[in-house]
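Chemist: So the chains spell out like this:
4 protein chains.
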Amino acid sequence: MINVAVCGITGYTGLELIRVLLAHPKVSIKALTARFDKPTRISDVYPEFKGRLELVCESLISDKLLKKNIDVVFLALPHKVSMEYAPSFIDKGKVVIDLSADFRIKDTAVYEKYYGIKHISKEYLNSSVYGLPELYKNKIKRARLVANPGCYPTGSILAVAPLISGKMASKEPVILDAKSGVTGAGRKADTGIIFGEVAENIKAYKVGVHQHIPEIEQELENISGNKVNILFTPHLIPIRRGILTTAYVALKKRTSLPGLLALYRAFYKNAPFVKIYDQGSIPQIKDVVNTNNCAIGIVVSADKSRAIIITAIDNLLKGASGQAVQNMNIICGFPETMGLI
Amino acid sequence: MINVAVCGITGYTGLELIRVLLAHPKVSIKALTARFDKPTRISDVYPEFKGRLELVCESLISDKLLKKNIDVVFLALPHKVSMEYAPSFIDKGKVVIDLSADFRIKDTAVYEKYYGIKHISKEYLNSSVYGLPELYKNKIKRARLVANPGCYPTGSILAVAPLISGKMASKEPVILDAKSGVTGAGRKADTGIIFGEVAENIKAYKVGVHQHIPEIEQELENISGNKVNILFTPHLIPIRRGILTTAYVALKKRTSLPGLLALYRAFYKNAPFVKIYDQGSIPQIKDVVNTNNCAIGIVVSADKSRAIIITAIDNLLKGASGQAVQNMNIICGFPETMGLI
Amino acid sequence: MINVAVCGITGYTGLELIRVLLAHPKVSIKALTARFDKPTRISDVYPEFKGRLELVCESLISDKLLKKNIDVVFLALPHKVSMEYAPSFIDKGKVVIDLSADFRIKDTAVYEKYYGIKHISKEYLNSSVYGLPELYKNKIKRARLVANPGCYPTGSILAVAPLISGKMASKEPVILDAKSGVTGAGRKADTGIIFGEVAENIKAYKVGVHQHIPEIEQELENISGNKVNILFTPHLIPIRRGILTTAYVALKKRTSLPGLLALYRAFYKNAPFVKIYDQGSIPQIKDVVNTNNCAIGIVVSADKSRAIIITAIDNLLKGASGQAVQNMNIICGFPETMGLI
Amino acid sequence: MINVAVCGITGYTGLELIRVLLAHPKVSIKALTARFDKPTRISDVYPEFKGRLELVCESLISDKLLKKNIDVVFLALPHKVSMEYAPSFIDKGKVVIDLSADFRIKDTAVYEKYYGIKHISKEYLNSSVYGLPELYKNKIKRARLVANPGCYPTGSILAVAPLISGKMASKEPVILDAKSGVTGAGRKADTGIIFGEVAENIKAYKVGVHQHIPEIEQELENISGNKVNILFTPHLIPIRRGILTTAYVALKKRTSLPGLLALYRAFYKNAPFVKIYDQGSIPQIKDVVNTNNCAIGIVVSADKSRAIIITAIDNLLKGASGQAVQNMNIICGFPETMGLI
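Protein chains in written order, with my numbering: chain A, 1 to 341; chain B, 1001 to 1341; chain C, 2001 to 2341; chain D, 3001 to 3341.
No wet-lab data here; the hints were simulated from the structure. Hints are not guaranteed to be accurate.
Derived lysine to any residue pairs resembling SDA-like cross-links, with alpha carbons at most 25 angstroms apart [unchecked claim]: (1) Lys203(A) with Lys3026(D); (2) Lys3026(D) with Thr1337(B); (3) Lys3167(D) with Ala302(A); (4) Lys94(A) with Gly51(A).
Residues from chain B that keep clear of chain D, each with C-beta distances beyond 12 angstroms, as calculated [as the list claims (entries may be wrong)]: (5) Arg1019; (6) Leu1022; (7) Asp1091; (8) Arg1142; (9) Asn1229; (10) Lys1286.
Built from N, CA and C at the ideal position, the CB exists for glycine as well.
Just chain A, with the same shape it has in the complex (with noise of 0.2 angstroms):
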């Protein structure tokens, strides 16, 4: 059994992670953290777990969440919170699993540019692994501080991973059109995300400006070893949860999709929550929901020039907590899919 402490529950990841965390068989949650005005039993805060978990949220006090014994800290904090607090558990040796974008970035100067922050912690930065097991599951073994992957980094990154790293994508840029559920912005009082706002419509937002642009492209770039140009761009969704990737690559040189198929399951070949579906089978959202599966599907244009990957996540379980408790499950030395769907 390992101890956890949950920071920051009044998003959507923080109470995931509470969800996910609950049915693991080998964590016990020792404490919680948010910001509200006096400690209060996170069954008030969220009904659902009445009689399951009776807990009271205090302030996150670095200090006093040390004394209780805590092996892995979760941090579901905002951007530039995380950077703040997650130094004082590295230095006390906890691990730190950061679902926050503070550490992904390795370039401070494309984080202050893309957060509009400065970013305080850079001598961190050094000793974090980016958190996505498919790609760096012996990094991950050892690191003290997971950089938990962005939601849209996640569902792109496995779209093209084995054609970047087979080299098998040609110089033309990459295109991810990627579409999201509402609860990937956060829950948090924006009239830009309420139900009025964005039932019944669709948008697409940030395009190629997008923060998760830079996190992308480096880590395909980490992959490829060379520059890789992608075009970016996220589609708001009136779903709650999940993140359909439809990516589009021109190929080197013309492949049929037996070929590619056999590509991404060999590359995929260790990677449990990794799903490539058979020709003619495409995912959709509702395959993946409650589960931290990423399911792919692949179609080839008719002159087979060009591949069309498409995958799905639910973006609070393998684009954020899901994926959190993945890590911790490696680091922790258990069974890469505990308590896991």
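Given the coordinates of chain A, assemble chains B, C and D onto it according to the supplied hints.
Modeler: Only chains B, C and D this time, still in chain A's reference frame:
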């Protein structure tokens, strides 16, 4: 042709008012106001008006507006703000149609209790007319200040007015179980109405304490001449627009459905927007959405002791902006249905 | 470990049963049946089960199933089909948990009136137990044939059982205004439930004639010992899952809220899935979705003459498949909550 | 005033046609047809028309309809059925506006491949005009048979026509990633579009094989004079109406956004329903729903080598019935925008 101003265009009722008024053959929109940082073209706020209406929204300053030769001023302002501005227009002989609650409740003590603010324009309450044309058409004709009804009260009062007026309801409380779309809560930054909280959810709220309770009671007692008890339970439903109200009324004496239908048809014979459904038909939101209609269906319990009356309205039209234009039509001597569907 | 079969996996309750049973530590799913053209892997029907369950669904043939060493047979079949198959399993000593209506209504004349078909297994009705554990746990322990309750009856009966049982309800009809998600209508090709008809719509339907009315009456009269009148109005709401029931009960004598809460807490003290909310809190669908809970909140009218009781359940769990597994737990001697959230 | 008939009123496009035509100042609806068991009043099918249109729908019999002095016949019939009926009206000199696909594809071999049925009215294909007024206004003026475009082709062709026409697109395939509301699939009993399957889901479907692909290719090649390759990926989104199309076009030479905007504005200068957004603005479904507009926004990649064009239409208006009335206006010599918003 008359000239109108719409004050407060950032909310859903203001937007809907513009749509309705643009389609009205006898109306020219001369002024729009909103609290923006700087004067802003309406088509920059709502691209649907590109090429159809190119007015600039300015801050609401009564003196400035009064110079524009306006005949009718629509106030789509928050409660409290309306009563600050209405007097200046009334005093200058303008017709004011106020979509807020400020001039609906005749008893200011009740208003102050339910709205939590002091009433600052009490002297105008005497002359305000409750703008429900199905009950008060003659008074509305001569009104200078119309208190446009709330959305819930419109659906609730029209559901039971014929029974209350006909002295057919017993002394048991009238039960009004109302289901509303989310635009009824306004267009504002409120975590409680973001998509992630509202979609795939249903909730009852403000049970027994909703601010529309005294408004419904006031009007039903007005019709009845006696005290009328109601139990009013509003529910939030994940649709953009529409209210379905299910009313349960204990009848003084057992009555058959044909008798009730005849009563309702007679009561509403001069009400062009009220649609009484035939036996066996029950209104749905989709029957009335984008119209100014109130559709009414009736079912009688097996023992004929109770009537179940179901009304459907579009909360933004018959429950707000359509009704406001219906009131304008009556005051201005236009056909009651002009410009409305 | 027990072995189970799920018969009828193409509907929503069958799918949900598989999900719940897969998470149950003491259950092994040994057989699945469905009416496909040919034997079909479950993971081809529902990709979410890829790698988790790779059974092949075959047509339901009792003899074939009986050879598989099954302990409990779940029938997630349409009404009428269940009663064709249930006897063959009961006769061989299997436990049958039937999710259809076929064994719920003890009076076959009533069944035949509401379901429009002849009852062909009347001799099994005597031994069938209505599977609402909050009322009949002891009977369920010894049952071989469980008639798993309908979704609406579960939310309605649990709402008012303490008042009916405690002789606190007056003779006025109990009003049950229920709002259901669309999966309650099943998974079938029906124009009435396509997205374009249901989204942005609310409708009442089968008012006064719904087939769940006699089921609710039968059980409330069973509790009461007397005739109980109900007015039951089901509404279709554009959510996937969940039922919110708003019950209005006239009290024999004025009662305060603390008194009612105490009554409910006492009545349900051995019911682990019933969550009685504190004064001022009202359940929402989102509190219970994906759980087997029935959340109950109570409000009392100002004059204390009437109680408004609001219950929330997940129609596919507490209203169907979760409750079925709860019944299985009770019969098999497992902890009542095992494998359920 | 002209007299019109709407054939096929049970689908979404037929219903929408009636709504639009009722609001048209120069149109009198004289006949409605549908396959009901018996003649049925339209207001019994759609209660929203109570008091506004009281025609009786009868079965479609050409001879009967021809006696009614109809000027324009709208065929809102399924594919295959349209081509059975259209000839009888054309031969008698009526204007036929066909909303099916039957007269869109000039190459019947292609039609037969994609629609899986034999074309039985080939001799009428020569005279049919593809009813996209932004491209073919002059031809439409003289047309007797208008093949009203499909919903996806409308949004896709308008997105890229200026670039194709201006020879500015490179030879790389044009990528058309389209997101459609569910009414695009029609109003029919199909398990795939019931609420429970569509809500909270997103899916790509018919990738590379959708029947609108040859329609888009035919028209783009018509504009270009050369072969045009497209990759078209339709996605089903849980909204009732609207299509957002995100097009990715590789440019022959690097071009700045102002240059592209100027090109689009020039190309569409006589297209009253096309709204080109200013730099930095991107259309959303809600900008165009309930209007006949096609809103277009453009973004250019950082290296100016690629344009991302986003179009939004209401699939039932500009994508079907609004466009049909726009075509009628052009043929009848009315202002192109008459009766349309």
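Chemist: Determine for every hint whether it applies to the structure shown.
Modeler: So, going through the hints one by one against the coordinates:
no., hint, in the structure
1, Lys203(A) with Lys3026(D), "violated, 36 angstroms"
2, Lys3026(D) with Thr1337(B), "holds, 20 angstroms"
3, Lys3167(D) with Ala302(A), "holds, 24 angstroms"
4, Lys94(A) with Gly51(A), "violated, 29 angstroms"
5, Arg1019, "violated, 9 angstroms"
6, Leu1022, "violated, 8 angstroms"
7, Asp1091, "holds, 37 angstroms"
8, Arg1142, "holds, 28 angstroms"
9, Asn1229, "holds, 32 angstroms"
10, Lys1286, "violated, 8 angstroms"
In terms of the numbered hints stated before, the structure departs from hints 1, 4, 5, 6 and 10, listed from lowest to highest.
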